[in-house]
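Chemist: Residue strings, one per chain:
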Amino acid sequence: MIPLFLGITLITFVVIHIAPGEPVEMQIAMNPKVTAEARERLRKFYGLDKPLYVQYAVWVKKLAMLDFGRSFAPGNRPVVDRIKERIPVTLSLNIIALIIEFGVAIPIGILAAIRRDTLFDKGMTVFVFIGFAVPTFWLALLLMYLFGVKLGWLPISGLHSMGSEGFTRIHWFLDLLKHLILPVSVAAFGSLAGLSRYMRSTMLDVIRQDYITTARAKGLPERAVIFRHALRNALLPVITLLGLSVPGLIGGSVIFETIFAIPGMGQLFYGGVMARDYPLVMGILVIGAGLTLAGNLLADVGYAMADPRIRHGKG
Amino acid sequence: MRRKWLAWLPLLLLPALLSACDSNKKGAASHHAGPGKPAYGDALVVGSIGEPSTLIPILASDSASFDIAGLVYNGLVRYDKYLRLEGELAEKWDVSPDGLTITFHLRHGVKWQDGREFTSHDVLYTYLVTIDPKTPTAYADAFKQVKKAEAPDPYTFRVTYAKPFAPALESWGMSILPAHLLEGKDITKSELARRPVGTGPYIFKEWIAGQKVTLESNPDYYEGRPYIGRYIYRIIPDNSTMYMELKAAGIDKMDISPIQYQRQTETPEFKSLFNKYRYPASAYTYLGYNLRNPLFSDKRVRKALTSAINKDEIVHGVLLGMGQVAHGPYKPGTWACNPNIKDLDYNPELARALLAEAGWRRKNGDGILVKDGKPFQFTVITNQGNDQRIRTAVIIQRRLKLVGIGMKILQLEWASFITNYIDKRNFEAVILGWTIGQDPDLFDIWHSSKTGPKEFNFIGYKNAEVDGLLEEGRSTFDMEKRRSRYYRLQEILAEDQPYTFLYVPDALPVVSVRFRGIEPAPAGIMYNFIKWYVPKEEQMY
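From first to last, the protein sequence lines stand for chains Z and W. Quick note, the first sequence lines up with residues 1 to 315 if you use the working numbering. Quick note, the second sequence lines up with residues 1 to 541 if you use the working numbering.
In short, the hints are calculated from the structure, not lab data. Glycine included, every Cβ here is placed at the ideal spot set by N, Cα and C. Please note that the accuracy of each hint is not assured.
[Claimed, not checked] According to the in silico footprint, chain Z covers these stretches of chain W (three or more CB under 8 Å from chain Z):
hint	segment
1	184 to 194
2	305 to 311
3	319 to 325
4	415 to 422
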């Protein structure tokens, strides 16, 4: 895993440095008050005057001591601090959205499979595909306009109301929840289609299996057939999906965070790339790479737990 | 199941959106009635696209950082409402007769927000840390012209220059930093970047990353305590969201776009809640020609291009009239701007005549002019993401086509635009903008010594008379003398047309009607922010 990890860092390091423009450039380009000398001073400060392999060696050496370095943005704060202040928001938002997504999509998939070709099945198909097809930003703006401006029920953007510092703890928490309703609904709505359709098709596959017919022939009640026999098997591939969504938990969506003014990882990463803030970009990618590897591992373990065939090496 | 569906409530109500036309505005009563009595308190909530990066101004490079720092710190000098320099921390200053020495007489009794007294030592420190090669600042150059800086007593600060340098005075508007909190420490690791301490009208209170920065009024401010109790800077990265926050009273002030000004806010309802302001912004947009390219080296061709472009049409089409035609590099109405320069008006006949004179006579099958077998075809580049520039390019493209010039438009991502095209001089023509500085010195943009790599005369303009005027203009403090040099500079630029100056857009801020005391001036509206107030009965926060 370590060589794989190093390989990932090397490739990303090279790619981000190949991109045109430098952090210094991005900060001061087209400002006539900044002369070439000042530019050189800044490049030297960030160590950009050294050859690329030296820069990489310095970076890896620091990383080995778990030091992500300091951001190249003015202010020059440690990368860890900048990531730390944004992870909780992104993580909790994504976890809530993920729970809702799985909680809604799986039942939709199962019910659609059981009642194949009924009105419910068709209606749900249309519903989830609308969510898939509607541009997030557009839907978000419409909802904001309706609930924020016209009706005034929900806050439009951000995470807290003005003066939330003085709220009681419960009030503060409710205020936060109110701010989360729109973003979480929009995020979950957009991702329903994939998962529910997937769930429907695996469920259909399983229902056609011989052992389901056997179970029915035994005279088991339909509930037991579906939930005990079919569902357990149909859920296996979903576990893989769950594992694969682990790295996504710290990655946010730029468009979405920008629209709702949520200070999450997506914005941080996007801003970092646009400003060519190399240490910040590398820091986030390293964490992302780590989580991807961990997520794969987790999916394998989860699979083994759910499926005795894999556990016993007979898969 | 049921409970899970609750989260979906907003979505299920989507169709209601289509029928929702009634409005239930909070604070619907109009408060236009009278100015009210000045009172302390309330808060101004401002929306900003960007988040500040550092609150130590010499290290910052973004406007969000300067917005905040400008309220927390003071400089020695500042621009007043008419954009003339006046003393801020310096009560007054003298320039020696030879123009080499500036002596600042500092204000007595000014206190840092932590209670320490402000003295000339702080000024000296700010100067020294700025020129320190270890400090990663982009603003050392003006201070580096200083030959000697001294603080003979706590209330006097004196600088001596090697040669008279007029823009020097402006450079002392840089925020003065507290020496007692920074001296002997590494400024790049100072916590002042996150919690600044200044001498200004507002005291830093908190900064919640990615969400907001809060400032509180400074009761001991030397010009008097500001009326507005708090200044809250909300970070809302999307313009549409910000506009909705404005309508829902989540923010009190933002800059709106021409289309929002003209088409979305002309309702009685909006006007009862917000005052709209409009004044020329300190910026202009231009079409610049790479003069190294044989296509554009002939002055007659450049004049023909300008005559072929209808600038009024661009102001109306792109800015919906919210701006004015630019004739030169200065903001109309400022002291250096020559109101009498003879710019070329829209005149396609003249354009055709000038082109014919320059040898562009025949047209090929596509209606493009041809000379020596080559068609008059070029590519204009501009940066991605700036819709106004792109729309400008499209309008120009059509007008040029009418006189037989083919123009292609290429949009580029900013980094690539700068690094691969502008810096490498790898372009034919460019649509870009400049911010108009308060000091009229334009040495870096027009002087022939500034055509080197990464320098700002990237179009390669060289004119000996312009060089002389620029050198004279920056080496005297006499305003009349400077004015005469810059007037002449504008005449030459109008004659040479190295750029086709296109337009100066208007700044369009809107502010909630509960704020009183706003007096638009050439400097904008924020210059007298400490005098704004909300009458007691209308205060919201």
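Chemist: Evaluate each hint against the coordinates.
Modeler: Hint by hint, here is what the structure shows:
1. 184 to 194: That given contact holds, which follows from 4 residues of the segment 184 to 194 of chain W lying within Cβ reach (below 8 Å) of chain Z.
2. 305 to 311: That given contact is violated, which follows from only 0 residues of the segment 305 to 311 of chain W lying within Cβ reach (below 8 Å) of chain Z.
3. 319 to 325: violated (count 0)
4. 415 to 422: Our answer is that it holds, as 5 residues pass the Cβ test (under 8 Å) against chain Z, meeting three.
The structure is inconsistent with the numbered hints 2 and 3, although it conforms to all the rest.
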